[in-house]
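**Q** Chains as they are written, first to last, in my numbering: chain H, 1298 to 2009; chain B, 635 to 1036.
The hints are simulated quantities; they were obtained by calculation from the structure and are not laboratory data. Warning: the hint list may mix true and false statements.
Claimed, not checked - DSS-like, lysine-lysine: derived pairs with alpha carbons at most 25 Å apart: (1) 1354(H) x 1033(B); (2) 1495(H) x 1567(H); (3) 1810(H) x 1908(H); (4) 1332(H) x 836(B); (5) 1567(H) x 1546(H); (6) 1332(H) x 1562(H); (7) 1537(H) x 682(B); (8) 1033(B) x 896(B); (9) 1911(H) x 1567(H).
Claimed, not checked - Okay, the calculated beta carbon distance ranges per label pair: (10) 664(B) x 1699(H): 26 to 36 Å; (11) 1368(H) x 664(B): 33 to 43 Å; (12) 705(B) x 1368(H): 47 to 57 Å.
For each residue, glycine too, the CB sits at the ideal point set by N, CA and C.
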Amino acid sequence: MTNYRDIDFTPLLELSADEVVTHTFVRDIRMPSGKTIALVTLDNGLDHTRPNTLGPKTLLEYLETLDALAERANRGEIDAVATTGKPWILAAGADLSKVSEIRDAEIGKLMAQLGHFALGRQAELGVPSFVFINGLALGGGLEVALNAHYRTVDSSAAAIALPEVFLGLIPGWGGAYLLPNLIGIENALKVVIENPLKQNRTLSAADALELGIADVMFGPARFLEQSLAWADAVITGRTKVKRPNEPGKIERLTKWDIAIGIAEKSLAAKIGRVPRSPYAALELLKAAKSGSTSEGFAREDEMLAELISSDQLHASMYAFNLVQKRTKSPAGAPDPKLARPITKVGVLGAGYMASQIATLFARRLQVPVVITDLDQAHVDTALERIRGEFAALRDRGRISSDECNRLCALVQGTVDKADFADCDWVIEAVFEELEVKQTVFAQVEPYLAEDAIIATNTSSLSVEQIGAKLAHPERLVGFHFFTPVAVMPLVEVIRTPHTNEQSLSTAMVVAKKLKKNAVITADTPGFVVNRLLAVLLGEAMRAVDSGTDFATVDAAMAPLGLPMAPSVLLDLVGLRVGAHVLDTHHAAFPDRFYRSENLHKLADYGTLLNKDGKGKITGFDSGAMKIVAGGTDPQSAEAILTRLQDRLADETHRMLVEDHVVSAPEDIDLCMILGAGFPFQMGGLTPYLDRVGASERAFGDTFHHPMVRGAR
Amino acid sequence: MAEREDVLFIDGVRTPFGRAGEKGMYWNTRADDLIVKAMMGLLERNPKVPGARIDDVAIAATTQQGDQGLTLGRTAAILAGLPLSVPGLAIDRMCSGAMTATALMGSAIGFGQMELAIAGGVEHMGRHPMGFDADPNPRFLAEKLVSPDALNMGITAERLHDRFPQLTKERADRFAMGSQHKAAAAYEAGHIQADLIPVALKTEAGWGLADRDELMRPETTMEGLADLKTPFRPHGRVTAGNASPLTDGATACLLASSSTAKELGLAPKMRMVSFGFAGVEPEVMGLGPIPSTEKALRLAKLSIDDIGLFELNEAFAVQVLSFLDHFGISDDDARVNQWGGAIALGHPLASSGVRLMNQLARQFELHPEVRYGVTAMCVGLGQGGTVIWENPHHAHYGKKAR
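Chain H extracted, bound-state conformation (with noise of 0.2 Å):
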C-alpha cells in the first residue's frame, strides 16, 4: 500500500511557478441541532468564466485544510466537513495547462498520488465528509465530490461528467476505481467510457442523481441552505441515505466481467484497438470489482504515470487545445465589424444539400430564407422536406410549436429569381460542375445588389473559376459544409484572389452564427479535408489496384486509428464520388495522386461492402473483389502503411510551403479533426506524422518544433 504521507511532491511544484491556484476557505456552519459543520469552498478568485481548476498548489492547499480540520474533528469541535465550488462551479478538473507540461512518467505519477492523497483525505477525517456539487464537475472536479462520504447536486448544474478518456486520460484521481463502486459497473462504463466517446458527452444534474453520483438534489435558488439542512439531517441520523445503484455481491460475481466483456467488444468495434486511454479506463474498470480503495488508488496512480508519458495524450492535449481555442479565433480571419449584416438568405438549389443549408440557416439566422430551383415541383419538394425537419424537431422538444410555426414562415419558396432580389447572402448548393455553377449565378446576380454576398458550397471545383463570369467576383467565397450538414462542425471558407475583405469576413461571422467553426483555406484543388482525404484513398486504391486483398488495404492502414477503414470511407461518400474525388485530385497533381479505373468499375457495379439487413457489413461483396482482382504486385501492410504516411506527410508539407492552403499545420490538424473524424490521439494529422517519422522520410524536418510527443 502506497503511504502518500512519505512521499515528496516538491517536484511538483516547479510546474506550478504560474498556476492559477483555487483556494480553500474554511467557515463554520452552526445548524440548528447543535452540529457544526465546516463548509469548504473552493474558489480561485476569477469569475464563472475561469473556472476552478486543480494543480499541484491547488491539492496541496486543499489537503493541508483537511489535515487541519481532521484535527478540529478529533477535538470535537466539528460534526461534518462540506465541500462546494465557486458560484456555477465546483471545479473543472486537473489544471490541463500543467498535464501537458508533463513528459515524465515520475511526475506523472506525483500528480495522480498528489491527487489520491488529496481529495482521498476526505474519507478519513473522523466525521463524515461531504461534497455539495453546485455546478460544473468534470474530472478531478467530479473526483473530489467522488471522494466524499456523501453528495447533493444543483439542479442547474451546467455538466457533470468524467471527460478524461476523450482526452486521453483516465479518472485517476479516484474515478476509476469509485464510480463503479458507487453506482454500478454498467453506469460507470457509461459515464467513464461510452460518454467521453460520443463527443464527450456530459451527464445532467438529473442524470446524476439517477445514475446514483448524487444522493439528493436541489434547485438552484436556495441550493447551499437546503444541502446544509439535508446534510444535518444525515449526521444526525433523520435522513437515511439509500443507494440502490451500489453493486452488491451477485453483480460483482456475475454482472461485472461480462459488462467489461461487452464494452470491449463494442469498444473495438466502434474505434479500433489503437487508443489507449479507453482500454486503460477499461482495464481499470474491470479491476474495481474487488480489493481495497487503496489498491485502487494504486492501480490508478500507475496507470496515470503511463498515460501522462504518451504521445497519444500529449497529442490529444494539443488536438483539444486547438478545438477549445484555435476555433475561437480563425487564422486570417478579417475583423468581424467588417461583416455585412444578413437580413434575408437566398439558397440556389433544392436538393438534398441545399435542402439542409436552408434548414440550417433558417435555424440559426432566424431571418427569410428563399429557396429556388427549375421548377416549382422541385421546390415544392424541397419545401415540404425542410418543414419536415422542423416538425420532426418540435416533435421531439427540441423547438416549441410556436418556434416551429416561426421556421416554417420563414423558409420559401420561389421560381422567380426577382424574390432574391433583398438577400444579403446568396449560396448555391448546385450539381458539381462549373457550368452550371457558373450558370446559376449568372442568373441571379442582375437581380441582386452590388455588394450581397455570393457562396459556393463547391468541394472540389476552383471558386475563383465559378466566380469567372460574374460582375463582381470579389463578393464570392467558397462554403464548403460537410455531410450531415446539421452535424459536422467543419465549414471551410475559400478566399479567392477576388475575394474583398468584407465578403471574407461575412463568411467567417456567417459561420460562426450557424455553430459551426471555420478554417480559412485558399483555393487549391479540395481545399484541406478531401485532398487529405484523395491522398487515403488514393494510396489505398494504388495498393488495391496493384494486387493486395482490399482487406489487407484495411488493416494495413489501422494503426493510425481512424473512424473508418478506406473501404468503409469509400462506401459511405460513395463509389461515385470516390472515384470523381480520385479524378480531380489525379488532374490537379498528376504525379502524386492516384486515379483507379477499378474504382470507376466498381461505381458502375454499384457495391463494394456486403451488409445485413440494419445495414452492418459483414463483408467485401465477391463480385466487386472479383472487379479488382488483376494486380499482379500485391503490397505488405507496412509498406502500405508507410508510404500513407509519407504521403500524408509530403502533401501536408506542400499544402503549407508551396499551396499556402491554410497558414499552420495547426489548421491542416483542425480540418482533419473537425471535417474527417480524425482522432485527437494523432492529434488530428501532423503530430502523428512527426511522431511516426514520416514528416523527416518525407521533408527531412518535422511539423511541430518541438514535436507533440510523451516522454522518451
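On the provided structure of chain H, position chain B as indicated by the hints.
**A** Same frame as chain H, but now just chain B:
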C-alpha cells in the same frame, strides 16, 4: 355572490436581518434573492400547500427600482418556482408595505375572491438608501403642505419629544435597552430562530450562512446609550441607540381562507379580526399607529383592554412611548414587545410588518390565555397601520366576542 370567509394567518417567516451597507452581511446579496429565499422557505415549510393554488403574491418594497423593481410579487413568484399561472403584484406604503400587503390579500380572501395568498416585503436599505432618487413635488414646501421636518424620519422623532416633554431621552433610552435585552433573551430561548430562513452568503472568504440577526447589541447599557451622538439635532434626544438601525431583510407570510385551510389541513396561527390605516401630520408621523389602532379596535368592536399582546414596530423608542402613553400602558408592560423589537432586530422598512406578525403568532401559541393581539406601526409621511388578530389557541376562539 362570493361567500364571506375568515382570514387566517397560516405561517410567516423571514430572512435574518442584516446591517445595511458595505459591512453588512447582505451587501453582495440581491434584494429579490432575499424575498425569493424567504418565500421558498415558507413554501417548503408548508408542503400541504400546492403552489398552483396560490391566488396572488403581494410583495412590498419602499424603493421600487433596480433589484426591488419590476413588480416584485410577479418576479419573486417566478424566481421562487411558483407555477407561471400564479400572478403577483408590488405594494408600497413605505414601512407598512408588508402589513398593507397582508391587509389587502386578507381583504380579498375575506371577500371570497381568493383562497390562498402570499404577502410580504423586502428592503435592502444598503442597496436602496431611504428616499434615494425621490423627487418630492416642490408644492409640498412652497405651499407649506408639510413641514420641512416631515421628510427626515429622525427629525420627526425629535418633534415627538418636543410635543410630549414627558417623553424624555432617559425614557427612550431605557425602552431601547429593554428591547435589546428582551431580544437577547428571546434568542436564548430559541423563539426568534424558529421562523428564520437561513440565507447562503458568498464572500471572498468562501460561502457562509446567515442564520441570525446581525444588528443585535445585547450588551447595551444606559451609560453606553447616554453617550451616543444625536445626529438629527445638536443636543437632541434621538440617537442610533434609541432608533431602529438601517437594515436589509425580507419577510413573507401565507394567508388562507378558513374553508381552504380546512380542506388542505392547515392549522392557523392567527385569525385576522380587523385592520386600520390612518393619517396624521407628516412631521409627527410616529403618532400614526394611534388613530390606526383606534380605527381597527372600532371595527373589531374591541377596546384596548381586550388586547393581551402588542407587537409594535420600534421605528423610534419615543414613537412607541407616545403610543403607550396615549393608551395608558406603562413603558415596561409585559404585553408589549415581549421579544424586543426593531431597535434590536432591525427595521428593513417594507418588510417589518410581517416580522411583527411572526412574533405575535408564536406568542399566541405560548399564551393561550390571550385572545386578541395587535400589530401596529408608524409610516413615513404621517401614517399608521394596525392589524388586530385573534389567537386560535384561546378557549373561546371562533365564538362571539364577549
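**Q** Work down the list of hints and note, for each, if the structure agrees.
**A** Hints, verified against the model:
The straight-line distance between the Cα atoms of residue 1354(H) and residue 1033(B) is roughly 71 Å, outside the 25 Å bound, and the hint therefore fails. About 11 Å separates the Cα atoms of residue 1495(H) and residue 1567(H), which keeps this hinted pair within 25 Å; it holds. Among the hinted pairs, residue 1810(H) with residue 1908(H) is inconsistent with the structure: their alpha-carbon atoms are about 39 Å apart, more than 25 Å. Our distance criterion of 25 Å between C-alpha atoms is met by residue 1332(H) and residue 836(B), whose separation comes to about 21 Å.
With a CA separation close to 31 Å, the supplied pair residue 1567(H) and residue 1546(H) exceeds the 25 Å bound. Of the supplied pair hints, the one linking residue 1332(H) and residue 1562(H) is violated, its CA atoms being roughly 51 Å apart against a limit of 25 Å. For the hint pairing residue 1537(H) with residue 682(B), the CA-to-CA distance comes to about 23 Å; that is within 25 Å, so the pair holds. For the hint linking residue 1033(B) to residue 896(B), the alpha-carbon distance of about 17 Å falls within 25 Å, and the restraint holds.
A C-alpha spacing of about 16 Å is found between residue 1911(H) and residue 1567(H), which places the hinted pair at or below 25 Å, so the restraint holds. Between residue 664(B) and residue 1699(H) the C-beta distance comes to about 31 Å, which sits within the given range of 26 to 36 Å. The hinted range of 33 to 43 Å is satisfied by residue 1368(H) and residue 664(B), whose Cβ atoms lie roughly 38 Å apart. Range check, residue 705(B) to residue 1368(H): Cβ separation about 52 Å, and the 47 to 57 Å hint holds.
In this structure, the hints that do not hold are numbers 1, 3, 5, 6, in rising order.
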